[in-house]
Amino acid sequence: MNPATNTNKQDISVALVGSGGAGVVAAGELLLTLAFESGYYGLMRKAYGPQIRGGESAALLRLGSYPIYCMDDNFDLLLALDWQNTERFAAEIPLADTSLIIADPAAGAIPPVIAASGAAVESAELAAMAGETPGGRGNMVALGLLSGWLGLDATKARRCISAAFSDKGSEVAASSIACFERGFVTGIKGLAAANITPTSSPEPRWHLSGNEACGLGVLRGGVRFAAAYPITPASDMLEWLAPRLEQLGGSLLQAEDELASINMIIGASFGGVPAMTATSGPGLALMLEGFGLAIASETPVVIINVMRGGPSTGIPTKSEQTDLNIALYGMHGDAPHLVLAALDTSDCIFTSQWAVRLAEALQASAIVLSDQGLAQSRALIPAPASPELALAVRKKPEITDAPYQRYAITEDGVSPMAVPGDAQTMYTADGLEHSPSGKPSSAFADHSAQLDKRQGKLQQFDYGEHWAETGGDGDTAIICWGSSTGAAREARQRLQQAGIPVRLIAMRLLLPARSAQMDEALRGVKRVLVVEQSHSRQFLHYLRAHFDIDAPMACLAKPGPLSISPGEIVERISNWRQDP
Amino acid sequence: MNLQQPIADMNTFLAYAITLEEEAAERYDELADALEIHNNPKVSRAFRTLAEFGRKHAEEIIALAAGLDLPNISPWEFEWDDPESPETTSMDAVHYLMNTAHALEIALANELRAHAFYHRISQDTRDAEIKRIAADFALEEKEHVALLKQWIDECPDSTEDWRFDPDPANLPE
Amino acid sequence: MSPDKTAIRIKPRQYKSDIKPVWCPGCGHFAVLNAITKALAHLALANKDVALLSGIGCSSRVPAYTSVYGFHGIHGRALALASGLKAARPELTVLVAGGDGDGLSIGGNHFIHACRRNMDMTYIIMDNEVYGMTKGQASPTTAPDWTMSKLTPHGTGQRPFQPAALALAAGASFIARGFSGDPNGLAQMLVKAIQHRGFSVIQALSPCPTYRPEHMDWKHQIREFTEPCTDDPITAAQRIQADDGQSTGIVFQRELPVWQPYHQKSPLRAPTAVLKSFEQEFAL
Numbered sequence: 001m002n003p004a005t006n007t008n009k010q011d012i013s014v015a016l017v018g019s020g021g022a023g024v025v026a027a028g029e030l031l032l033t034l035a036f037e038s039g040y041y042g043l044m045r046k047a048y049g050p051q052i053r054g055g056e057s058a059a060l061l062r063l064g065s066y067p068i069y070c071m072d073d074n075f076d077l078l079l080a081l082d083w084q085n086t087e088r089f090a091a092e093i094p095l096a097d098t099s100l101i102i103a104d105p106a107a108g109a110i111p112p113v114i115a116a117s118g119a120a121v122e123s124a125e126l127a128a129m130a131g132e133t134p135g136g137r138g139n140m141v142a143l144g145l146l147s148g149w150l151g152l153d154a155t156k157a158r159r160c161i162s163a164a165f166s167d168k169g170s171e172v173a174a175s176s177i178a179c180f181e182r183g184f185v186t187g188i189k190g191l192a193a194a195n196i197t198p199t200s201s202p203e204p205r206w207h208l209s210g211n212e213a214c215g216l217g218v219l220r221g222g223v224r225f226a227a228a229y230p231i232t233p234a235s236d237m238l239e240w241l242a243p244r245l246e247q248l249g250g251s252l253l254q255a256e257d258e259l260a261s262i263n264m265i266i267g268a269s270f271g272g273v274p275a276m277t278a279t280s281g282p283g284l285a286l287m288l289e290g291f292g293l294a295i296a297s298e299t300p301v302v303i304i305n306v307m308r309g310g311p312s313t314g315i316p317t318k319s320e321q322t323d324l325n326i327a328l329y330g331m332h333g334d335a336p337h338l339v340l341a342a343l344d345t346s347d348c349i350f351t352s353q354w355a356v357r358l359a360e361a362l363q364a365s366a367i368v369l370s371d372q373g374l375a376q377s378r379a380l381i382p383a384p385a386s387p388e389l390a391l392a393v394r395k396k397p398e399i400t401d402a403p404y405q406r407y408a409i410t411e412d413g414v415s416p417m418a419v420p421g422d423a424q425t426m427y428t429a430d431g432l433e434h435s436p437s438g439k440p441s442s443a444f445a446d447h448s449a450q451l452d453k454r455q456g457k458l459q460q461f462d463y464g465e466h467w468a469e470t471g472g473d474g475d476t477a478i479i480c481w482g483s484s485t486g487a488a489r490e491a492r493q494r495l496q497q498a499g500i501p502v503r504l505i506a507m508r509l510l511l512p513a514r515s516a517q518m519d520e521a522l523r524g525v526k527r528v529l530v531v532e533q534s535h536s537r538q539f540l541h542y543l544r545a546h547f548d549i550d551a552p553m554a555c556l557a558k559p560g561p562l563s564i565s566p567g568e569i570v571e572r573i574s575n576w577r578q579d580p
Numbered sequence: 001m002n003l004q005q006p007i008a009d010m011n012t013f014l015a016y017a018i019t020l021e022e023e024a025a026e027r028y029d030e031l032a033d034a035l036e037i038h039n040n041p042k043v044s045r046a047f048r049t050l051a052e053f054g055r056k057h058a059e060e061i062i063a064l065a066a067g068l069d070l071p072n073i074s075p076w077e078f079e080w081d082d083p084e085s086p087e088t089t090s091m092d093a094v095h096y097l098m099n100t101a102h103a104l105e106i107a108l109a110n111e112l113r114a115h116a117f118y119h120r121i122s123q124d125t126r127d128a129e130i131k132r133i134a135a136d137f138a139l140e141e142k143e144h145v146a147l148l149k150q151w152i153d154e155c156p157d158s159t160e161d162w163r164f165d166p167d168p169a170n171l172p173e
Numbered sequence: 001m002s003p004d005k006t007a008i009r010i011k012p013r014q015y016k017s018d019i020k021p022v023w024c025p026g027c028g029h030f031a032v033l034n035a036i037t038k039a040l041a042h043l044a045l046a047n048k049d050v051a052l053l054s055g056i057g058c059s060s061r062v063p064a065y066t067s068v069y070g071f072h073g074i075h076g077r078a079l080a081l082a083s084g085l086k087a088a089r090p091e092l093t094v095l096v097a098g099g100d101g102d103g104l105s106i107g108g109n110h111f112i113h114a115c116r117r118n119m120d121m122t123y124i125i126m127d128n129e130v131y132g133m134t135k136g137q138a139s140p141t142t143a144p145d146w147t148m149s150k151l152t153p154h155g156t157g158q159r160p161f162q163p164a165a166l167a168l169a170a171g172a173s174f175i176a177r178g179f180s181g182d183p184n185g186l187a188q189m190l191v192k193a194i195q196h197r198g199f200s201v202i203q204a205l206s207p208c209p210t211y212r213p214e215h216m217d218w219k220h221q222i223r224e225f226t227e228p229c230t231d232d233p234i235t236a237a238q239r240i241q242a243d244d245g246q247s248t249g250i251v252f253q254r255e256l257p258v259w260q261p262y263h264q265k266s267p268l269r270a271p272t273a274v275l276k277s278f279e280q281e282f283a284l
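First to last, the sequence lines map onto chains B, F and W.
Residues 1 to 580 (my numbering) make up the first sequence, in order.
Residues 1 to 173 (my numbering) make up the second sequence, in order.
Residues 1 to 284 (my numbering) make up the third sequence, in order.
The hints are simulated quantities; they were obtained by calculation from the structure and are not laboratory data.
Warning: the hint list may mix true and false statements.
Said to hold, decoys possible - In the DMTMM-like style, the derived pairs of lysine to aspartate or glutamate whose C-alpha atoms are separated by at most 25 Å in a straight line are: (1) B/Lys-156 <-> B/Glu-171; (2) B/Lys-439 <-> B/Asp-452; (3) W/Lys-276 <-> B/Asp-401; (4) F/Lys-142 <-> F/Glu-60; (5) B/Lys-396 <-> W/Glu-227; (6) B/Lys-46 <-> W/Glu-279; (7) W/Lys-48 <-> B/Asp-401; (8) W/Lys-16 <-> F/Asp-33; (9) W/Lys-48 <-> B/Glu-433; (10) W/Lys-219 <-> W/Asp-244; (11) F/Lys-142 <-> F/Glu-26.
Claimed, not checked - Example chain F residues on the side facing chain W (calculated, C-beta under 10 Å, incomplete): (12) Asn-40; (13) Thr-49; (14) Trp-76; (15) Trp-80; (16) Asp-81; (17) Ala-93; (18) Val-94; (19) Pro-172.
Nothing here was measured: the structure is a model prediction, and the numbers come from that model.
Cβ coordinates follow ideal geometry from the N, Cα and C atoms, glycine included.
Please put together the full structure from these sequences, using the hints given.
See the structure below:
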């Protein structure tokens, strides 16, 4: 048996492509909602061209009977409303000779790069079928075809469509439903029934994006102020947060730039209000001077950095894990801080919440790394638990006769922090190095004592088991971080089923590096595969710099926008080879 | 300016006098601090001594005003001839390399202005009690003037190039 | 005169810390510090309810010299720092201080946006037309033909900003120019600025004895605006443009919309209940 194959598969992967108002994204979102209502799990990514309106786009879905954390190696079905510039992201829609392409003959020839996959081709006269209804649209016919194939409930579908178009008037909804029904009853020749079934006893599930999940996480963590400057792909997290912060008595301030947003959240946090911002690589670069101020002044802040392809403007709508270096090492001076990474959509909630609580408890500054793939994918996930994190809130000063020392040296490195409004504890927070009282000082003794304190409070803290998701056994280990975890988990599962036990270490806490826990997790391991979505192997270099890993390491690294597939990981482990 | 109008009663007069002495003392302290930070201990000590004199004088007037309801006058409502009260050293009158003689010259100018202020009130006022006390204060300032002149005479002459600093300026930030 | 026989007189020194300023003896900034403490004493504000924030530069050292809550931040970002604090804690009295380089060069974008946002805070630009902490380079308010800096041996060749004109164009609702040589007048101006609801800007001319000793003559040149404050931006613009930058006084004051966090009309629900409702949005 080829372990790379997704055996016992109870999931399907569908790509819907089209351009210029064809409505593939709307159809994809409706399909995901329908799947949600019908008891499935799933994941939907989007791919766009650079146009604001009218560009080529694709809705990429994977639906199944079990939680889904990554895209499959290949798509089972590619349904095209048209072929305008689809070849631009053909590489992001891998097809195999077992795949099926459904195309409208009216849309012209299939682009050679797509036809070359060897996939079977069937035609569906989407435009003609839509034309039977005044105002009809091909995307709704496509939605009907797919829903019929998947055996989704037509009654629920009608309700979802009506709800989706409720603000467009009853005629739009009616014509959409008519087109849906036309597709639903037509069926697709040459397509076997989809081998997926709804979960037999549906557990509570949620339907959300990674950006929304990060938003919920920071609110759970206690954030009540945000300041930010719009940037793709972080903006929709901020849009989600703006009205909700208000409902919690907080606020979001749209800043003039990222230099302002980081300083605004430092100001709010100085005022005692837990605060965050969200950005992406170029914005993070602008924020780092301010981040240094937060670290030096020990004012807790959280930056959620949603990575996109760089450098510079790079590929802003595509995912990549390449802000790792700047998050780890972008600081001027010795600047101990927290770097965390969300492992999947659900984990966006946990990691963001944990980051806020750690920042508050340790008066530390945290960068949480998400990426476009996580952030803008919509996922149908098991409803996450609401963990009670046993973490203290900010340590407050006790009023004594002794003068208040904002930066007092303490055993755990955390000094009591007063906030404006507290009587008798007035102090000046400072980005200049300072004595325990906060007075500016360039003396060696003060600098080294404060450096020790700022590093010590992060190093000494017990982060428990959350530093990584670990599991499995055997003498081969996969080490990955952030959003590569989904593919790594699935690869481990496939290898397990093929009788090849593999350990997985998916890192959530990157700084401070937990070397003792890593040693423990790697005990007895004879080889390590490092998995990351970067060209320059940033994660591999990080591992070499921070951990003593004796076992030989190989690295599966590739830049965005192509995500790492489970099959590639399986292949690298099955046919083990050292890096050249 | 005729001070008869703004200083029409004893309480107001005492409020003026206390402010004059307190502000002078506080300024001497600020200058002493500034010179101390700039490693000019001699001049710092001179200003500190002058601050102590000023504070003592202020305390005497405060004692004189015991039990009286003095008006609470905002800093900008005082009708001084200069931007600040007469005995207060202008913040720009000092230099980090200044010597004791410079400090004493500054103090002398302050005392002369203070004397002139009290003297004018003693002339302008129609209130006999204010006239008496203002004249007393003017006399005291006159004594300070004499004392300062004596100290200045005892000081070595400062050289022409007292501002010369062979080192370049620093770049603190 | 405001004789208040019942009030306990608060002394300006109650707003000073025991840290001694590093400013050069003779620096105008000492007088600005005194004006700040006098204004706070006059307003009898509790130290704990006042925050003074700054950026980097000689003038930005000022928070540590006061005994209110302070934040000595990074170069050019004081207004952003202060805007975040004011948004999170609207009940605080927020003051911001810094120099001409900090506020108008590296922080120029924050300055114009703070003006247009018109949050209720007071910004004091301690303007000495030079960078003091880095050895006397030209700032955005330096005259184009000032050749004393090695960095610009032929002068900047660039016309200086007129801070008051910039503030007016950007939407500030209180614009004044004061002078360190008149600390009591500056203190009164500060009182009015703090009392003003909205973003108040005071350009405090404050000569540098080390790098711009020629400015010690400002005390002989500076005079008050001959006309009183206006609430008409056109009149204010004409007055500012016609002036040589050496007239002092409040030139413009007007009630304009103030940015503040949106306040819920209905009473806030318990955070756990609100969070639950957000989670429900994701569930079926």
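Right, here's what the structure says about each hint:
1. B/Lys-156 <-> B/Glu-171: holds (19 Å)
2. B/Lys-439 <-> B/Asp-452: holds (18 Å)
3. W/Lys-276 <-> B/Asp-401: The given pair, whose Cα atoms are some 44 Å apart, is violated under the 25 Å limit.
4. F/Lys-142 <-> F/Glu-60: holds (17 Å)
5. B/Lys-396 <-> W/Glu-227: It is violated: about 51 Å lies between the C-alpha atoms, which goes past 25 Å.
6. B/Lys-46 <-> W/Glu-279: Within the cut-off at roughly 24 Å; holds.
7. W/Lys-48 <-> B/Asp-401: With a Cα-Cα distance of about 17 Å, the restraint between W/Lys-48 and B/Asp-401 holds, given a limit of 25 Å.
8. W/Lys-16 <-> F/Asp-33: Roughly 13 Å separates the two Cα atoms, so the pair holds.
9. W/Lys-48 <-> B/Glu-433: Satisfied, since the Cα-Cα distance of roughly 24 Å is no more than 25 Å.
10. W/Lys-219 <-> W/Asp-244: The hint holds at about 15 Å.
11. F/Lys-142 <-> F/Glu-26: holds (21 Å)
12. Asn-40: holds (8 Å)
13. Thr-49: This interface hint is violated because 17 Å lies over the 10 Å limit.
14. Trp-76: holds (4 Å)
15. Trp-80: holds (8 Å)
16. Asp-81: violated (13 Å)
17. Ala-93: With a minimum Cβ separation of about 7 Å from chain W (threshold 10 Å), the hint on F/Ala-93 holds.
18. Val-94: Since chain W brings a Cβ to about 4 Å from F/Val-94, closer than 10 Å, the hint holds.
19. Pro-172: holds (5 Å)
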